[in-house]
Amino acid sequence: MGPRRLELTLDHCVSYPASNSTKLCVSGVNKTFRRDGKSVHVLEDIDLTVREGEFVCILGPSGCGKSTLLNIVGGFTTATSGRVEIDGEPVRGPDPRRIFVFQERGVFPWLTVEGNISFGLFKLPKHERERRVSHYVHMVGLKGFEQSYPHELSGGMKQRLEVARALAVNPDMLFLDEPFGALDSITRLLMRGELLRIWQAERKTILFVTHDIDESVQLADRVVVMSARPATIRTIIDIDIPHPRELSSRRYLELRDGLLDEIGLAHKV
Amino acid sequence: MKPWERIALPVAAGAVIVAIWIAAVHVSGTTVFPLPQRVLAGTQELAGKGVLGSYVRDSLMRVGAGYLLALVAGIPLGIALGWYPLAARSFNPLIQMLRPISPLAWIPISIVLFGVGDEAAVFLIFLASFFPIVTQTMNGVKEVPEMFRLAGLNFGLSAAQLFRRVLFPAALPQIVMGLRIALGIAWLVVVAAEMIAVDSGLGYLIIDARNAGKRYDLVVAGMLMIGLIGLALDTAIRRLETLRALRWGFRHE
Ligand SMILES: Nc1ncnc2c1ncn2[C@@H]1O[C@H](COP(=O)(O)OP(=O)(O)OP(=O)(O)O)[C@@H](O)[C@H]1O
Ligand SMILES: [Mg+2]
Numbered sequence: 001m002g003p004r005r006l007e008l009t010l011d012h013c014v015s016y017p018a019s020n021s022t023k024l025c026v027s028g029v030n031k032t033f034r035r036d037g038k039s040v041h042v043l044e045d046i047d048l049t050v051r052e053g054e055f056v057c058i059l060g061p062s063g064c065g066k067s068t069l070l071n072i073v074g075g076f077t078t079a080t081s082g083r084v085e086i087d088g089e090p091v092r093g094p095d096p097r098r099i100f101v102f103q104e105r106g107v108f109p110w111l112t113v114e115g116n117i118s119f120g121l122f123k124l125p126k127h128e129r130e131r132r133v134s135h136y137v138h139m140v141g142l143k144g145f146e147q148s149y150p151h152e153l154s155g156g157m158k159q160r161l162e163v164a165r166a167l168a169v170n171p172d173m174l175f176l177d178e179p180f181g182a183l184d185s186i187t188r189l190l191m192r193g194e195l196l197r198i199w200q201a202e203r204k205t206i207l208f209v210t211h212d213i214d215e216s217v218q219l220a221d222r223v224v225v226m227s228a229r230p231a232t233i234r235t236i237i238d239i240d241i242p243h244p245r246e247l248s249s250r251r252y253l254e255l256r257d258g259l260l261d262e263i264g265l266a267h268k269v
Numbered sequence: 270m271k272p273w274e275r276i277a278l279p280v281a282a283g284a285v286i287v288a289i290w291i292a293a294v295h296v297s298g299t300t301v302f303p304l305p306q307r308v309l310a311g312t313q314e315l316a317g318k319g320v321l322g323s324y325v326r327d328s329l330m331r332v333g334a335g336y337l338l339a340l341v342a343g344i345p346l347g348i349a350l351g352w353y354p355l356a357a358r359s360f361n362p363l364i365q366m367l368r369p370i371s372p373l374a375w376i377p378i379s380i381v382l383f384g385v386g387d388e389a390a391v392f393l394i395f396l397a398s399f400f401p402i403v404t405q406t407m408n409g410v411k412e413v414p415e416m417f418r419l420a421g422l423n424f425g426l427s428a429a430q431l432f433r434r435v436l437f438p439a440a441l442p443q444i445v446m447g448l449r450i451a452l453g454i455a456w457l458v459v460v461a462a463e464m465i466a467v468d469s470g471l472g473y474l475i476i477d478a479r480n481a482g483k484r485y486d487l488v489v490a491g492m493l494m495i496g497l498i499g500l501a502l503d504t505a506i507r508r509l510e511t512l513r514a515l516r517w518g519f520r521h522e
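Line by line, the protein sequences are chains A and B. Using this note's numbering, you'd call the opening residue of the first sequence number 1 and step up by one each time. Using this note's numbering, you'd call the opening residue of the second sequence number 270 and step up by one each time.
Accuracy of the hints is not assured; some may be wrong.
[What the hints assert, rightly or not] Covered stretches of chain B, going by a simulated chain A footprint (3 or more residues, C-beta under 8 Å):
{"#": "1", "segment": "388 to 395"}
{"#": "2", "segment": "418 to 426"}
{"#": "3", "segment": "508 to 518"}
[Stated by the list, open to error] The following residues of chain B were derived to be distant from chain A, with all beta-carbon distances above 12 Å:
{"#": "4", "residue": "W290"}
{"#": "5", "residue": "L337"}
{"#": "6", "residue": "V341"}
{"#": "7", "residue": "M366"}
{"#": "8", "residue": "V381"}
{"#": "9", "residue": "I465"}
[To be verified] Restraint ranges, calculated between C-beta atoms of paired labels, are given here:
{"#": "10", "chain 1": "B", "residue 1": "L355", "chain 2": "A", "residue 2": "R251", "range": "53 to 63 Å"}
{"#": "11", "chain 1": "A", "residue 1": "E146", "chain 2": "B", "residue 2": "Q430", "range": "17 to 27 Å"}
{"#": "12", "chain 1": "B", "residue 1": "P362", "chain 2": "A", "residue 2": "P90", "range": "37 to 47 Å"}
{"#": "13", "chain 1": "A", "residue 1": "D184", "chain 2": "B", "residue 2": "A514", "range": "23 to 33 Å"}
{"#": "14", "chain 1": "A", "residue 1": "D184", "chain 2": "B", "residue 2": "R275", "range": "31 to 41 Å"}
Please keep in mind that the hints were generated in silico from the structure rather than gathered at the bench. Values in this document were obtained by computation on a predicted structure and should not be read as measured data. Note that the Cβ used here is the ideal one computed from N, Cα and C, for glycine as well.
Okay, chain B solo, but in the shape it has when bound (with noise of 0.2 Å):
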C-alpha cells in the first residue's frame, strides 16, 4: 500500500458511512438520532464548557491505574506460573475459571468493596487487564523453546542469568501481546465502570446525557470520543511490537 492511500483510503470510506449516517437520519426522519453535524457541535459544546477535557483525563487515569497495577501484578505472578509447572497446575483452573466472567459481573462486588467511586472502577479495570496479562505471560514462559533454555544453560549462566537473559527475553513478545489485549480490555470496561460507579468521565458523560436531558448528539459525541482514545491506544501499544528486539515474536504481514 503507497502512503497516500493509507490516509485516502480510511478517509474515503469515512466519508461513505458518513453519507449513509445522513441519509438514513433523513430517510427515516428520526428526530432523537442526531446528524453528524449536531454531533459534532455537541462536542464543541463540550469542549467549551471545559468536561471533554476533563472527561477524557478522568478515564484515562483510572484505566491507567487499574491496568498498571494489573501489569504490576500480573506480569510477576504469570512468570511465576509460567516457570513452576506445580503453580501452574495448582492455580490455573481458577484463574481460567475467573477469566470469562465478565468484569462487569463484577460490579455489584466492587461496589460492596469500595463503595461508589474511583476505586471501584480501578477496581474493575484492573480486573479486566489482570487476567489476559497473566495468562499470556504464563504461557510465554511456558513456551520458550527448550532449546533456548539449555543453550543459556550451556554458557555457564545462573538461574538467575538464565530468567534475565533467556526467560525474560524470549517470552516478551507474548507478554506484550498480553498487554495489548489487556488495554482493549481496560478500555472497554472503563467506560461501563463509569456509568455505574462514578460521575465524571466518558461512560458518565454519555449516561448522563441521556438521562439528564435525552442529548443524543452529546451520546454519539461521547461514543466517537471513546472509540478514538481506543484507537490512538491500541497504535500506541502496536508501536511496542515493530521494535526491533521484539519484532521477531510477531508476525508482520
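Isolated chain A (complex conformation) (with noise of 0.2 Å):
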C-alpha cells in the first residue's frame, strides 16, 4: 500500500478536491467517548460531502450518533479523530453562519416573539433589526403574536419561531435535529411544507436528522442512511423526486421502500 493510496483512503476532503459547490466536507470522522473508565464508540470512519443549497437528510435508528455528528459538524463536540470543513475551513466552533435548532424547543421562554428573533441581531443597527423582525414573523406565519412569549405559544408555533430565529441572522446553513420530533402528525406535515418552502426561497443549505423515513423521503435531496451503533454510514440514497413531492407517486414509495429495506425494515408492522 503506497502513501499515496493511504492519503487517498484517510482523507476523503482531499480525495474529492472541494470544487466551488462543496459547502460541507466530513472526512474519517471517529467519535468516541469516555465516561466513568467506559467508552462508547459512536461514530466509526464517517465520509459526507454535502453542497452548497443541499438539502441532506440524516436518517439512522434511535441512538446510533445522528445527533453526536451533527453537534461535531455544528462545532460543538470535537470528534475525536478526522476533519470536518465547511467552505474549506476546519470547524473550530459554533458559528452564527450556520445555526443549530435543537430538537427539545431552545427558543429562550424569557423573551417575546420578537425578542427570540432578534436575539441574534445585535450587531445590527435598530432599523434594520426591525426589518428582519417583521419579515421573519411573516414568514413563519406568527403575526399578531410578536409580544407574546413562548409558554402562550402553541408547540409548532414554538418550532416556527425557533426557525424564524435562526433564519433572521441569515445563515448559510441550517442543522436541525428532529425539529418536529415533539409535533403532532398534522403539524408535522405542514411543518415540512412551511421548511421546503423557506428551503426554496433562501437556498440555505440544510442539514436534517430525524429517524422518520417518510419525513426524509419528503425533504431531501439525499438521505444519508446511518447504521447503527459504532455508526457507519451504510449508503447514500438520491431522492430524485422534484417538488412538490407526490407522496402516493409510483418513485416516492419505490424510494421508501428502498429505504426501508436499507434499515432492515418488514414493510408490514
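Combine the two chains into a complex, taking the hints into account.
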C-alpha cells in the first residue's frame, strides 16, 4: 500500500477536491465517548460531502449517533479523529453563519417572539433589526404574536419561532435535529411544507436529522442512512423527485421501500 | 374562583375562627387569654401612643437591612457557585452544613460579635436570608438547560453577553424563588432577634407586653400584626412571579 493510496483512503476532503459547490466535507470522523472508564464508540469513519444549497437528511436508528454527528459538524463537540471542513475551513466551534435548531425547544422562554427572533441581531442597526424581525415573523406565520411569550404559544408555533430565530441571522447553513419530533402528525406535515418553502426561497444548505423515513423522502435531496452503533454510513440515497412531491407516486413509494429495506425493517407492522 | 369569592370566602373563614375564639374564651373561663375586642382595643392603645407605627417601622428596617445585605452578597456568590463547578464542589458542602443551623442558634455569637443592638439583629436576618438566596441562585444557574447556553454561543455571544442575555434571565425565576423563601424566613427571624437583642420592634413588643404587665391583649395584637405584615410581604414578592418575563418559570394553577 503506497503512501498516496493511504492519503486517498484517509482524507475524503482531499480525495474529492472541494469544488466551488462543496459546502461541507466530513472526512474520516470518529467519535468515542469516555465515561466512568468505559468508552463508547459512536461514529466510525464517517465520510460525507454536502453541496451548497443541498437538503440532506441523516436517517438512522435511535441512539446511533446522528445528534453526535450534527453536534460535531455544528462545532459543539469535537471529533475524536477526522476532519470537518465548511467552505474549505476546519470547523473550530459554533458560528452564527450556521445555526443549530434543537430537538427540544430551544427558544428562550424569557423573551417575546420578537425578542427571540432579534436575539442574534445585536450587531445590526435598529432599523435593520426591525425589518428582519417583521420579515421573519411574517414568513413563519406568527403575525399578531410578536409580543407573546413562548409559553403562550403552541408547540408548532414555538418550533416555527425557533426556525425564524435561526433564519433571521441569515446563516448559510441550518442544522436541524429532529425539529418536528415532538409535534403531532398534522402539524408535522405542515411544518415540512413550510420548511421546504423557506428552503426554496432562501437556498440554505440544510442538514436535517430524523428517524422518520417518510420525512426524509419528503424533504431531502439525498438521504444519508446510518447503521446502528458504532454508526457508519450504510448508503446515501438520491431522492430524484421534484418538489412538490406526490406522496402516493410510484417513485416515492419505491424510494421509501428502498429505505425501509436499507434500515432492515419489514414492510408490514 | 369568582372575584367576590376571593374576598368573601377568607372573610367568612376568618369570622368562623373569631367565633370559635370567643366561644373558647367563654367556655374555658380563662382570665389570661384576651377576647378579640380586647385585642382590638389593645391595638388601638398602641397605635394611639405611637409605638405601634414605630415598632413596625423598626422591624421592617431591620429586615430590610439584613435582607438587602444577603441579596447583595448572596446573588453574586450563588451565581459564581453555579457557574464554576469547582467552586461549588469546594464550598457547597460547607454552605449546606451551615444552612440547616437555625439562625436562632447564632444569637449568642451575634451578640458576642456585635453586642446587644441593631447590628446583632440585622446580622441574624442576614444569615437567615443568605443561605436560601445562595442555594436557590446556585441551583438556578446550574440547572440552566445546556441547549440555552449552546444556542447563545451559536449566535456568537461573548462570555459576558452569554451571562447577561442567557444565563441570568434563565436562572431568574429560581433566584426570585430564593428571594421569596428568604423574605419569609427573615420575617420569622426578626421577631426572635428582637426578643433578645433590642428594645423596639414587634418582637420586643410581644416579650415586653408579657414581661412588663402580663398584657396578653398586646401580645396577641403584636402576633396579629406580625401575621398581617408577613402576608403583605409575601403578597408583594409574589407579584414578581407574575411578571410576564418571569411567569414561564413558575407553574401557576
Ligand atoms: N456526552 C455523552 N457522553 C457519553 N455518551 C454519549 C454522549 N452523548 C451521546 N452519547 C452516546 O452516544 C450514542 C449516540 O447518541 P446520539 O444522541 O448521537 O444518538 P441519536 O442517533 O441522535 O439518537 P436519537 O435518534 O435517539 O436522538 C448514544 O449511545 C449515547 O448514549
Ligand atoms: Mg438525537
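Now the hints, each set against the structure:
1. Coverage of a stretch by a chain is defined here by at least three residues with a beta carbon nearer than 8 Å to that chain's beta carbons; for the segment 388 to 395 of chain B and chain A the count is 0, and the condition is violated.
2. Against chain A, the segment 418 to 426 of chain B contributes 6 residues with a C-beta closer than 8 Å to a partner C-beta. That satisfies the three-residue criterion, and the hint holds.
3. Only when three residues or more bring their CB closer than 8 Å to a CB of chain A does the claim for the segment 508 to 518 of chain B stand; here the count is 6, and the claim holds.
4. Every CB of chain A lies more than 12 Å from the CB of W290(B), the least distance being 44 Å, so the non-interface label holds.
5. With a minimum CB-CB distance of about 25 Å to chain A, L337(B) clears the 12 Å threshold, and the non-interface call stands.
6. The beta carbon of V341(B) is kept farther than 12 Å from every beta carbon of chain A, the shortest such distance being approximately 23 Å.
7. At roughly 28 Å from the closest C-beta of chain A, the C-beta of M366(B) stays outside 12 Å, upholding its exclusion from the interface.
8. Non-interface status of V381(B) relative to chain A is upheld: no Cβ of that chain comes within 12 Å, the nearest being about 45 Å off.
9. Consistency note on I465(B): stated as away from chain A, and its beta-carbon is indeed over 12 Å from all of that chain's, at 43 Å minimum.
10. About 58 Å separates the C-beta atoms of L355(B) and R251(A), a value consistent with the hinted range of 53 to 63 Å.
11. Restraint check, E146(A) to Q430(B): a C-beta distance of roughly 23 Å satisfies the suggested window 17 to 27 Å.
12. A beta carbon spacing of about 42 Å between P362(B) and P90(A) agrees with the range 37 to 47 Å that was offered as a hint.
13. For D184(A) and A514(B), the Cβ-Cβ distance of about 29 Å falls inside the hinted range of 23 to 33 Å, so the restraint holds.
14. A beta carbon spacing of about 37 Å between D184(A) and R275(B) agrees with the range 31 to 41 Å that was offered as a hint.
In summary, the structure is inconsistent with hint 1 from the numbered list given earlier, while agreeing with all the others.
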